[in-house]
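**Q** In order, the protein sequence lines correspond to chains Z and A. Numbering-wise, our numbering puts 150 at position 150 of the first sequence, and it's gapless, one number per residue. Numbering-wise, our numbering puts 233 at position 233 of the second sequence, and it's gapless, one number per residue.
FYI, nobody ran anything at the bench for these hints, they're computed from the structure. Every residue, glycine too, gets a C-beta built ideally from N, C-alpha and C. Mixed in with the good hints, there may be bad ones.
[What the hints assert, rightly or not] FRET-style restraints, in silico, Cβ to Cβ:
#	chain 1	residue 1	chain 2	residue 2	range
1	A	Trp82	Z	Phe125	37 to 43 Å
2	A	Asp86	Z	Gln138	44 to 50 Å
3	A	Ile305	Z	Lys310	36 to 42 Å
4	Z	Pro88	A	Val179	24 to 30 Å
5	Z	Pro88	A	Asp86	54 to 60 Å
[Said to hold, decoys possible] Computed, partial: chain Z to chain A, Cβ under 10 Å:
#	residue
6	Leu79
7	Ala133
8	Arg142
[Stated by the list, open to error] In silico lysine-lysine, BS3-like type, Cα no more than 27 Å apart, as pairs:
#	chain 1	residue 1	chain 2	residue 2
9	A	Lys137	Z	Lys36
10	Z	Lys310	A	Lys137
11	Z	Lys239	A	Lys137
12	Z	Lys239	Z	Lys310
13	A	Lys224	Z	Lys27
So you can see what is in the structure, the chains are spelled out below.
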Amino acid sequence: MFLAFRPWKKEGKLNYMDAVRPKESLKSSPSYARGKSRYIFANRFRALFAYLVLLFFVAFAVGPVLYLISPALRDSISLFDYPPKIIPDEPTLDNFRFLFDSTRYLSWALNTIIYAAGTTIISLFTNVLAGYAFARLQFPGRNLLFFLVLSTLMVPVAAVLAPTYLMVREIGELPIIGRPFFGLDTYLGLILPCTVSPLGVFMMRQFISTLPVGLYEAARLDGASEWRILFKIVLPLIKPALVVLGIFVFMITWANFLWPLVAASGDDYRVLTVGIASLKGQFVTHWGVLAAASLMTLIPVTIVFLFFQKWFVQASMAGALKQ
Amino acid sequence: MSKSPDYFNSGVPTGQEAWAKLELSSQEYRKNASRYRLRYLTRASGFLAPYMILWLAFLAIPVGWAIFLSFNDGGVLDPRYWVGFDNWARTFDDSELTQVVINTSLFVVLAITIVFGLAIFLASLINNHRRGENFFKVTLYFPLLAPPILGAMIWHFMLHFDFGIVNLITRGLFGWEGVNFLGKNPTALFAIIAVEIWRGLGFWVLFYLAGLQSVPGELLEAAKLDGARGLRRFIRISVPVLRPLFLFALVIAIIMNFQLFDSVKILTDGGPRMGTATIVWFIYRRMFAFQDTGLAFSASVGLLIGTMLLTLLCFWLLGRGRKRES
Numbered sequence: 001m002f003l004a005f006r007p008w009k010k011e012g013k014l015n016y017m018d019a020v021r022p023k024e025s026l027k028s029s030p031s032y033a034r035g036k037s038r039y040i041f042a043n044r045f046r047a048l049f050a051y052l053v054l055l056f057f058v059a060f061a062v063g064p065v066l067y068l069i070s071p072a073l074r075d076s077i078s079l080f081d082y083p084p085k086i087i088p089d090e091p092t093l094d095n096f097r098f099l100f101d102s103t104r105y106l107s108w109a110l111n112t113i114i115y116a117a118g119t120t121i122i123s124l125f126t127n128v129l130a131g132y133a134f135a136r137l138q139f140p141g142r143n144l145l146f147f148l149v150l151s152t153l154m155v156p157v158a159a160v161l162a163p164t165y166l167m168v169r170e171i172g173e174l175p176i177i178g179r180p181f182f183g184l185d186t187y188l189g190l191i192l193p194c195t196v197s198p199l200g201v202f203m204m205r206q207f208i209s210t211l212p213v214g215l216y217e218a219a220r221l222d223g224a225s226e227w228r229i230l231f232k233i234v235l236p237l238i239k240p241a242l243v244v245l246g247i248f249v250f251m252i253t254w255a256n257f258l259w260p261l262v263a264a265s266g267d268d269y270r271v272l273t274v275g276i277a278s279l280k281g282q283f284v285t286h287w288g289v290l291a292a293a294s295l296m297t298l299i300p301v302t303i304v305f306l307f308f309q310k311w312f313v314q315a316s317m318a319g320a321l322k323q
Numbered sequence: 001m002s003k004s005p006d007y008f009n010s011g012v013p014t015g016q017e018a019w020a021k022l023e024l025s026s027q028e029y030r031k032n033a034s035r036y037r038l039r040y041l042t043r044a045s046g047f048l049a050p051y052m053i054l055w056l057a058f059l060a061i062p063v064g065w066a067i068f069l070s071f072n073d074g075g076v077l078d079p080r081y082w083v084g085f086d087n088w089a090r091t092f093d094d095s096e097l098t099q100v101v102i103n104t105s106l107f108v109v110l111a112i113t114i115v116f117g118l119a120i121f122l123a124s125l126i127n128n129h130r131r132g133e134n135f136f137k138v139t140l141y142f143p144l145l146a147p148p149i150l151g152a153m154i155w156h157f158m159l160h161f162d163f164g165i166v167n168l169i170t171r172g173l174f175g176w177e178g179v180n181f182l183g184k185n186p187t188a189l190f191a192i193i194a195v196e197i198w199r200g201l202g203f204w205v206l207f208y209l210a211g212l213q214s215v216p217g218e219l220l221e222a223a224k225l226d227g228a229r230g231l232r233r234f235i236r237i238s239v240p241v242l243r244p245l246f247l248f249a250l251v252i253a254i255i256m257n258f259q260l261f262d263s264v265k266i267l268t269d270g271g272p273r274m275g276t277a278t279i280v281w282f283i284y285r286r287m288f289a290f291q292d293t294g295l296a297f298s299a300s301v302g303l304l305i306g307t308m309l310l311t312l313l314c315f316w317l318l319g320r321g322r323k324r325e326s
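Put together the whole structure using the sequences plus the hints.
**A** Structure, rendered in structure tokens:
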């Protein structure tokens, strides 16, 4: 890995080190050779140290997940054997079978997909519209409104958990828009409160306002309506930003635990995070099943991640850096 | 340069003449202006309505309602009634809440210090040794795929008294009898910090790596030629460039970490004798287990105000840093 690091071998290219490069006549002296070997040694040593540290942290990051494989493949009682065995004598798939037969794992997974995908689609839609309005439309009170929206950016979600819960419950009691469409233990009641983060609006506004103004003016002169401009001109141009924001929202939503725990505690609307947490009983815990469920949940995400890693990394950075 | 059109000789009326020719009285003019304003507003409202309705219903009104309900009691199962500053008096008097705030602050300070220290260190290692950069990025980012509650589950397997790998290793190698990490008081908090470090490290490494790679190369080379080495170059060149990024990261990290709930709920559920109870855990318990909504709401508003104040403090520091540079 670091064997190929030979900066003095670089030929042809003139770089700033040439200014301090020793003369040819000096290169034959023994002190030069000593210095060179010291330089090589110091660099190799430093690289070795760096890669050892990095590999340690790679093990720290990946190891815990790999350690799940062992308990997932044996029955929960053998976990407590003494002396402990990491590699199971007779690996079984009983834990996975239990997960599919005796718990509602598949329905939790389906609910999670509905929840996360619904949140992503709805928030992309509303954020693009609002971002476009704030970036390109003139209307009285625009700056004031944008300031108000932006000032809620720093509101911690957990601080409005309780009133949002009450809000959803109260709206659920209303005659027409309430149950069965909206309220506690409905999909919309689960999804809509998660779509309000001002971050997306802010990001979309930033992206749209970086597009050249001439595009809009040309389209407007040609008689295109605002909606047509948005869908025919702006949307194709901000597609990458949409993908980034979409992945970001999806990742945050499917990992959410607190809101689904509160808003959809019923068995029919339980999502994966709440479901897996409910597997960990107060007194007796099926450790093997728990490990199997965690692995089952992580594997598809990991596969998707390995295919689209660049987008994932960009998405999580976008949330942080686009401010 | 194109020639500007000659307005004065083009026959188009200008100046006073134009106003005179404009056959609108001031009243008519005002009416037209307001009509245009209304038209702009209706056009924009089609775009704004979907978001603003949701924002009002699930963000703006809940914030106001939380503040209002913090002066009331009841309201979830039984009807609410006004109690004035009673809740707030209890908020500042409640020993449990004091404990919870201390725990959370301790967690925030420790977790952010460790994660940021490690992240900056690892990011500069990756930045200096480019080989395998992508491999390290991907593997360090990997834990972020796990939702916090899965992270907590995974670490429960690591730290379990009987079959946790940490205890297995210490037992096997040193013959210790093992540590019950989640059952004792300081170690339970450390376990929670470990989970959060595990999940957060990759993100912050990527964050600082992006920052370090945005440090202009000419600056670093100039410093190199001037004889500045390793650490000195890092402190004198990279740190000032990273400074605004760092303060911004601090804001996000504070907001995120003060909301710690998931791993506490899974790993310890408040921990041995409230040792790992956090603010959000407290709010959750008061609201949904004890039905003590008054205290839940005043604690929520307290969390809101506290986070806002810390954020403003960070932005103030950020602004001050910028002013000094110019």
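**Q** Determine for every hint whether it applies to the structure shown.
**A** Hints and how they fare:
One distance hint, 37 to 43 Å for the beta-carbon pair A:Trp82 and Z:Phe125, holds here, with the actual separation near 40 Å. A hinted range of 44 to 50 Å holds for the C-beta pair A:Asp86 and Z:Gln138, which are about 48 Å apart. Hint check: A:Ile305 to Z:Lys310, Cβ distance near 40 Å, so the stated range 36 to 42 Å holds. Z:Pro88 and A:Val179 have their C-beta atoms about 25 Å apart, which keeps the hinted 24 to 30 Å range intact.
Between Z:Pro88 and A:Asp86 the C-beta distance comes to about 58 Å, which sits within the given range of 54 to 60 Å. Hint on Z:Leu79 holds. Least Cβ distance to chain A is approximately 5 Å, under the 10 Å limit. With a least beta-carbon distance of about 4 Å to chain A, the hint placing Z:Ala133 at the interface is held under the 10 Å criterion. The restraint placing Z:Arg142 at the interface with chain A holds, with a minimum CB-CB distance near 8 Å, inside the 10 Å limit.
Of the supplied pair hints, the one linking A:Lys137 and Z:Lys36 is violated, its CA atoms being roughly 33 Å apart against a limit of 27 Å. About 10 Å separates the Cα atoms of Z:Lys310 and A:Lys137, which keeps this hinted pair within 27 Å; it holds. With a C-alpha separation of about 25 Å, the suggested pairing of Z:Lys239 with A:Lys137 holds against the 27 Å cut-off. The suggested pairing of Z:Lys239 with Z:Lys310 holds, with an alpha-carbon distance near 15 Å, which does not exceed 27 Å.
Note on A:Lys224 and Z:Lys27: the hinted pairing holds, with a Cα-Cα distance of about 23 Å set against a maximum of 27 Å.
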